[in-house]
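A.B. asks: Protein chains in written order, with the working numbering: chain A, -17 to 303; chain B, 243 to 320.
Since the hints were made in silico from the structure, they are not lab data. Any given hint could turn out to be false.
With a Cα cut of at most 16 Å, we get these calculated EDC-like pairs of lysine to aspartate or glutamate [unchecked claim]: (1) Lys168/A - Asp313/B; (2) Lys255/B - Glu179/A; (3) Lys156/A - Asp284/B.
Counterexamples of contact, computed for chain B against chain A with all Cβ distances above 10 Å [unchecked claim]: (4) Met243; (5) Glu261; (6) Gln264.
Computed, partial: chain A to chain B, Cβ under 8 Å [unchecked claim]: (7) Pro41; (8) Glu42; (9) Lys45; (10) Phe69; (11) Ser73; (12) Val75; (13) Pro76; (14) Leu77; (15) Gly80; (16) Ile152; (17) Met154; (18) Gly155; (19) Glu179.
From the three backbone atoms N, C-alpha and C, an ideal C-beta is built for every residue, glycine too.
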Amino acid sequence: MLSIFTKLADLITYVWLGLDPTTSLAKSTHFFVEDVTKIFFLTSLIIFLVGLFRTMLTPERVKEFIGGRPRYVSYPLAVGLGSVTPFCSCSSVPLFIGFLESGIPLGVTMAFLIASPMINEVAVVILAAAVGWKVALLYVLAGLTVGIIGGVLIERLKLEKWVEEYVWQIRMGKSALPAGRFSWKKRMRFAWGQVKEIVGRIWIYVLIGIGLGAILHGFVPQDFFVSYASSSNPFAVPIAVLAGIPLYSNATGVIPVIEALMAKGVPLGTLLALMMSVAAISLPEMIILRKVLKPKLIATFVSILFVAFILVGYGFNFLLT
Amino acid sequence: MKTFKVLGSGCKKCSKTAEMIQAKADELGVKISLEKVTDVGDIMAYGVMSTPGVVMDEKVVHAGGLPDNGDIAEWIKA
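Using the sequences and the hints given, assemble the complete structure.
C.D. replies: Right under this line is the structure:
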């Protein structure tokens, strides 16, 4: 089904633009056209389909699912729901406070916040379309595991003391939202609104990602990365994770870069580690979380993720070679 | 006169929500009072975690994301 986008890119690049397939420019253009059409089509489709059911899953409801459950249930639930529950990063603070206030442990709350930006249905489908279902599945499993381990560590280290004091004072009102039944017409409207809102927010990251991927694909020599970033270079993984920290993008936006690098022979573990780092550790998110977390907890949080991503990178590079 | 409050700690979508409500009220020729609630504690007191949220006459009518223009019209007219 997705080969239609390859054919479209063939048509535009070789026929309409008349580019010679062996040139760098043609390779880049082909990559760009194929990925722009494919990714924006798939993204809109998935957001729409999921949007039809989204009205059932709000952070308020997630809180009720997770609250009061034993740890072996609440951790997997938190990362699982974290990856499918949409919320704008400006809601991180009320969400964080709301979880703690209802008695959900700090670790479980952090697990939710770790998993959420890293895994989402759009990124998973696009990743699968770009590099195959197996890789996408590995990414999800690794992401969920990192979320759980990160949360459990924060709980074990008893870091509640590094949460801003005022957070514990806030008392929350009853979730008074009308449960309301949604007609299909209303759901369609809501789903379409979601497409406009989310695509409107992430398109720039996706476009930059595709542009970078296209340049890598067409103009960087095949053996360039192999000589620097092969699995025999022990520094490749930490450098990939470090590089991902200042790079702030939506998870979906990183995928075209991953796709291009993978075709250049960069090992999969290194790439998954890079993708996690770009998606999960971001300066804007940390600045928002600073309102509720003391700097020490933010530093611990980032360090735990940093180490976890490196382990993910080494682990997959080791297992897959 | 109806009192609307937009809950949100000052993100872009929150101010957009307030603008949408004001614009709809003007369009329908209805006078409303509109207020932004930005303090996290005050927001949480309404039981809302996902912002922007909308409160009409002290009742939460919406939470999480921009509201629908059709819904806004219903709140104002109801």
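A.B. asks: To test your reading of the hints: which numbers does this structure violate?
C.D. replies: Of the numbered hints, all hold.
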